Structures are given as structure tokens and as C-alpha cells.
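Line by line, the protein sequences are chains A and F. Counting from 1, position 27 in the first sequence corresponds to residue 27 in the numbering used here; the numbering is continuous, with no gaps. Counting from 1, position 36 in the second sequence corresponds to residue 36 in the numbering used here; the numbering is continuous, with no gaps.
Simulated from the structure, these hints should not be mistaken for lab results. From a predicted model like this one, the values you see are computed outputs, not experimental measurements. In this text, a Cβ means the ideal position worked out from N, Cα and C, and glycines have one as well. One or more hints might be untrue.
What the hints assert, rightly or not - Keeping only pairs whose Cα atoms sit at most 30 Å apart, straight-line, the calculated DSS-like set for lysine-lysine is:
#	chain 1	residue 1	chain 2	residue 2
1	A	Lys-101	F	Lys-22
2	F	Lys-53	A	Lys-101
3	F	Lys-22	A	Lys-70
4	F	Lys-40	A	Lys-26
5	A	Lys-70	F	Lys-9
6	A	Lys-26	A	Lys-70
7	A	Lys-56	A	Lys-70
8	F	Lys-53	F	Lys-22
9	F	Lys-40	A	Lys-56
10	A	Lys-101	F	Lys-38
11	F	Lys-9	F	Lys-41
12	F	Lys-41	A	Lys-69
13	F	Lys-41	A	Lys-70
14	F	Lys-41	A	Lys-101
Said to hold, decoys possible - Each pair of labels, with its calculated beta carbon distance range:
#	chain 1	residue 1	chain 2	residue 2	range
15	A	Ser-108	F	Ser-62	34 to 40 Å
16	A	Ala-10	F	Thr-16	37 to 43 Å
17	A	Thr-67	F	Ala-80	19 to 25 Å
Stated by the list, open to error - Derived list of chain F stretches under chain A, where covered just means 3 residues or more per stretch with a C-beta under 8 Å from a C-beta of chain A:
#	segment
18	38-44
19	47-58
20	100-112
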Amino acid sequence: SQQGEEDPQALSIQEGENATMNCSYKTSINNLQWYRQNSGRGLVHLILIRSNEREKHSGRLRVTLDTSKKSSSLLITASRAADTASYFCATQAGTALIFGKGTTLSVSS
Amino acid sequence: DTEVTQTPKHLVMGMTNKKSLKCEQHMGHRAMYWYKQKAKKPPELMFVYSYEKLSINESVPSRFSPECPNSSLLNLHLHALQPEDSALYLCASSQDPAGTEAFFGQGTRLTVV
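For reference, chain A alone in the conformation it holds in the complex (with noise of 0.2 Å):
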């Protein structure tokens, strides 16, 4: 039962450029987490934003989140090449921690 939705599905682009993901759900929520995920393998937490919470930093990712709008953005500045990857956004509702569609990254040097 997949809750948030991402766009875009695919995004291409150079090192150095910034690269933005969003997502968006449908019921209330305790936070929203974001996730990386190399070659299908396991999934590696980034960042954690409260549903009390606007905006959170870490190193170069940015997280906003807007529950008016049910919606929450991840930019990553500054790409490298090493940041390609899936990733995806997971909201949390009592003990349920569900996972959006995902964003494939591929940053290209």
C-alpha cells in the first residue's frame, strides 16, 4: 500500500549541478523519511524530517516539508557522481513506515 508518490520517476544530470526530488502523500503523518538505495541492494537512511518540522539540513541534502500540501522535497546540491542511485521517500504513521515509487539518479561526470 505505497502512500508517498515521487517525480520525476528519472533524473539526469552533470556533477556538480543540484539535483531536486519530490514527493507527495495522502493521510497524516509522524515524519517523513528519505532513502538511498544502491543496485537493489539495502536501503540507506538520509534524513528524518518531523511533521512539526519546515525544513531540515544535512551536509548537502535540504528537506522541506509542507503538510498542508502533503508534500515533501529532498535537494541534494552540489552532485557527484557517486550520489547515483535510487530514492526513495517513506512516510511514518504509527508503527508503518511506507515508501514511495522512488527517483532513479544518475549524475554523470
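Given the coordinates of chain A, work out where chain F should sit on it, guided by the hints.
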């Protein structure tokens, strides 16, 4: 130790076999999750254990049977699977069932023949 360990990494099983996937964490986390992921798709939540009790079963067929023997271990028992059950099975854990980051294992790549 911030790892979630899943075994085996790969599993090939026939439709009449019974097998188990195992997941272990030693971070003292009180929530553990099973997800199923098909190629180029997001992880789909299957089960959530909160304080060793099953709190969510996302309408998963009974041929998948979860078990949480203690706070560090999570098993997924498989029986009479179908080829369409072939997927990457991911285990995760989080400290607080209601709102902290989840740590994922590397998954078990399951092929049903």
C-alpha cells in the same frame, strides 16, 4: 554495532520447499520490519513487529509466516511459494516503533523455481 544482518544472501527454492529467512540486530531496537521488493519497484511493507508483537500484517498470503523469537531476531518462514514471490526480501529495524530512522539489512535475493 549498527548492522542488521540477513541470512542467507541468496536463496533458490522449489514451490514445495519450506525455508526460512533470518534477520538479526543488536542495537536494542524495538521495531522490526519485513519488506518485499521487486525489481525497479519500491519496498512493499509486509509485516511489522513492535516490542516483539506483530502489529501490522499488510494482507500478506499465509504462505509467508513471520516469527519474532526475541527482541534481536526476526524470521520469515516460507512455504509453498509461487514463482511470482521471487524478489528481494528486506529486513529493517528501528529504535522506536513510532518514529525513528530504520536500519536495513542487505536483503535476501529469493528465487522460486
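Hints, verified against the model:
1. Restraint check: the Cα-Cα separation between Lys-101/A and Lys-22/F comes to about 26 Å, which is no more than 30 Å; the hinted pair holds.
2. Pair hint Lys-53/F plus Lys-101/A holds up; C-alpha atoms about 28 Å apart against a cutoff of 30 Å.
3. The suggested pairing of Lys-22/F with Lys-70/A is violated, with an alpha-carbon distance near 36 Å, which exceeds 30 Å.
4. This hinted pair checks out: Lys-40/F and Lys-26/A have alpha carbons roughly 22 Å apart, not beyond 30 Å.
5. The hinted pair formed by Lys-70/A and Lys-9/F fails the criterion: a straight-line CA distance of about 37 Å is larger than 30 Å.
6. The suggested pairing of Lys-26/A with Lys-70/A holds, with an alpha-carbon distance near 7 Å, which does not exceed 30 Å.
7. Annotation: proposed proximity of Lys-56/A to Lys-70/A holds, straight-line Cα distance about 16 Å (limit 30 Å).
8. Of the pairs offered as hints, the one joining Lys-53/F and Lys-22/F holds, with about 17 Å between alpha carbons and a cut-off of 30 Å not exceeded.
9. Of the supplied pair hints, the one linking Lys-40/F and Lys-56/A holds, its CA atoms being roughly 28 Å apart against a limit of 30 Å.
10. Between the alpha carbons of Lys-101/A and Lys-38/F the distance comes to roughly 12 Å, so the proposed pair stays at or under 30 Å and holds.
11. Proposed proximity of Lys-9/F and Lys-41/F is supported: the alpha carbons are some 19 Å apart, at most 30 Å.
12. The straight-line distance between the Cα atoms of Lys-41/F and Lys-69/A is roughly 25 Å, inside the 30 Å bound, and the hint therefore holds.
13. The straight-line distance between the Cα atoms of Lys-41/F and Lys-70/A is roughly 22 Å, inside the 30 Å bound, and the hint therefore holds.
14. Taken as a hint, the Lys-41/F and Lys-101/A pair is honoured in the structure, with Cα atoms around 7 Å apart against an allowance of 30 Å.
15. The beta-carbon spacing between Ser-108/A and Ser-62/F, approximately 46 Å, falls outside the hinted interval of 34 to 40 Å.
16. Separated by about 40 Å at the C-beta atoms, Ala-10/A and Thr-16/F satisfy the suggested range of 37 to 43 Å.
17. Restraint check, Thr-67/A to Ala-80/F: a C-beta distance of roughly 44 Å breaks the suggested window 19 to 25 Å.
18. Residues of the segment 38-44 of chain F lying with their CB closer than 8 Å to a CB of chain A number 5, which satisfies the three-residue condition for coverage.
19. Taking a C-beta to C-beta cut-off of 8 Å, the segment 47-58 of chain F contributes 5 residues in contact with chain A, enough for the three needed, and the coverage statement holds.
20. Given as covered by chain A, the segment 100-112 of chain F passes the check, having 8 residues with a CB less than 8 Å from a CB of that chain where 3 are the minimum.
Hint compliance for this structure: hints 3, 5, 15, 17 are broken, all remaining hints hold.
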